[in-house]
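Visitor: Read off the chains here:
There are 2 protein chains.
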Amino acid sequence: MDRRQRKTRAAIFQAFTELLSEKSFDKMTVEEIIKRADVGRATFYAHFETREYLLKELCHELFCHIFDAVSPTPSDHRHIFACEEHDSVFLHLIKHLEKNDNHVLKLFAGKNNELFLGYFKRGLRELVKANLSMFARRKSDFLPEDLWITHITSTFVETIRWWIDNGKQESAESVAEYFFGLV
Amino acid sequence: MDRRQRKTRAAIFQAFTELLSEKSFDKMTVEEIIKRADVGRATFYAHFETREYLLKELCHELFCHIFDAVSPTPSDHRHIFACEEHDSVFLHLIKHLEKNDNHVLKLFAGKNNELFLGYFKRGLRELVKANLSMFARRKSDFLPEDLWITHITSTFVETIRWWIDNGKQESAESVAEYFFGLV
DNA sequence: TCCATACAAAACAATTTGTTCTATAAATAG
DNA sequence: CTATTTATAGAACAAATTGTTTTGTATGGA
Chain S
9 MDRRQRKTRA AIFQAFTELL SEKSFDKMTV EEIIKRADVG RATFYAHFET REYLLKELCH
69 ELFCHIFDAV SPTPSDHRHI FACEEHDSVF LHLIKHLEKN DNHVLKLFAG KNNELFLGYF
129 KRGLRELVKA NLSMFARRKS DFLPEDLWIT HITSTFVETI RWWIDNGKQE SAESVAEYFF
189 GLV
Chain E
9 MDRRQRKTRA AIFQAFTELL SEKSFDKMTV EEIIKRADVG RATFYAHFET REYLLKELCH
69 ELFCHIFDAV SPTPSDHRHI FACEEHDSVF LHLIKHLEKN DNHVLKLFAG KNNELFLGYF
129 KRGLRELVKA NLSMFARRKS DFLPEDLWIT HITSTFVETI RWWIDNGKQE SAESVAEYFF
189 GLV
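Quick mapping for you: the protein sequence lines, in order, are chains S and E. Using this note's numbering, read the first sequence as starting at 9 and increasing by one per residue. Using this note's numbering, read the second sequence as starting at 9 and increasing by one per residue.
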């Protein structure tokens, strides 16, 4: 990838990220983004077809990084047998979200972030699937597995949202306990 | 209210509702609405400040009707002691949603319906609060009540969404069982 | 050094928005 | 039934936004 392309892309991501913490996604215009990123109009459209694709690609970068960080690798036996709450992948995820107190967290709480949450849930869903054994199995006896996974996923997101909205007063451990308590 | 106003308002609501079942809210323009409703541009803005207010007022009408229909009145002792799943206000709500298979249900499943779901949840939340006794009380011992109510509310919505997305194959009773099973 | 190409700048048509005007039709009051 | 009020249609309007196109520049990679 051309160095110029990398720079332009980074500048747009940076400007977009800053703007996301100031106003909601759909009230944001391409005009504002390119002004702050200091790139030409045609340049923006050369990189991203629409504003939506920009958000999608940003989310992809962010979430790949986050989920990779908390997911155990095949050679990593940390979590394989860690079916306990105090060492679960979900607690690590919450801690990770707590640590990176940058722009990402604000996206959870704000309004008009359906796209963002959708992309996050898509990644989280895989994590839930891979860790289903952590949750009560008997549920699957009378609940469709699909509904069960959907429920765990959105419960996690709702818990995080509640946490952020309340000013992150609780510790990551408490939030994880709440989450496991709910599901 | 002037008869002309009522007619105009009804025409706009009708056109808006039709369009809602065809495309998502934020891809919808005032242009399309007034064209289908066959009213003048200035007339629309005389009734509704923005598209958002239109959606808000439509939701208000719909939800007031729905929640009033399933909520017991003070003189109505049907549900007061009905803490069982098979006669709960939630089952009645699901049945009500199943029966009125008009435009409302489509709004649950579609994308870009955050505003709609927000308004629905606001009304549902009151219903949940008033029926908290129906759910396990010991939860409140270690869970903030606020989080607990939020969880029940969004679990209901998520269950309905799952139901719609899967083509409404299950009966209202099954859906209610799933809901109670989850919470 | 040379070539390809990413870029800036500007202009552009097409939409959409929200406002304002006038004349007309309809509703309501008396 | 008449008079007055008022909602509406229709049109025109400025402003903002979008996505495309063009031309010249300068930067990167070979």
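Be careful, since some hints might not be right.
Same chains, same names: a pair is fine if it fits in one copy or spans any two.
[Claimed, not checked] Below, simulated DSSO-like cross-link-like pairs (lysine-lysine); rule was C-alpha separation at most 30 Å, straight line:
(1) K35 / K137
(2) K103 / K43
(3) K176 / K15
(4) K43 / K15
(5) K119 / K64
(6) K15 / K137
(7) K43 / K176
By construction, these hints were calculated from the structure, which means they are not laboratory data. All of these numbers come straight from a predicted model, not from anything done at the bench.
Visitor: Does each hint fit the structure? Answer for all of them.
Guide: Structure-based check of each hint:
no. : hint       : verdict
1   : K35 / K137 : neither (35 Å within a copy, 33 Å between copies)
2   : K103 / K43 : neither (35 Å within a copy, 52 Å between copies)
3   : K176 / K15 : neither (34 Å within a copy, 49 Å between copies)
4   : K43 / K15  : within (15 Å within a copy, 46 Å between copies)
5   : K119 / K64 : both (17 Å within a copy, 15 Å between copies)
6   : K15 / K137 : neither (37 Å within a copy, 52 Å between copies)
7   : K43 / K176 : neither (33 Å within a copy, 47 Å between copies)
Of the numbered hints given earlier, the model fails hints 1, 2, 3, 6, 7; all others are met.
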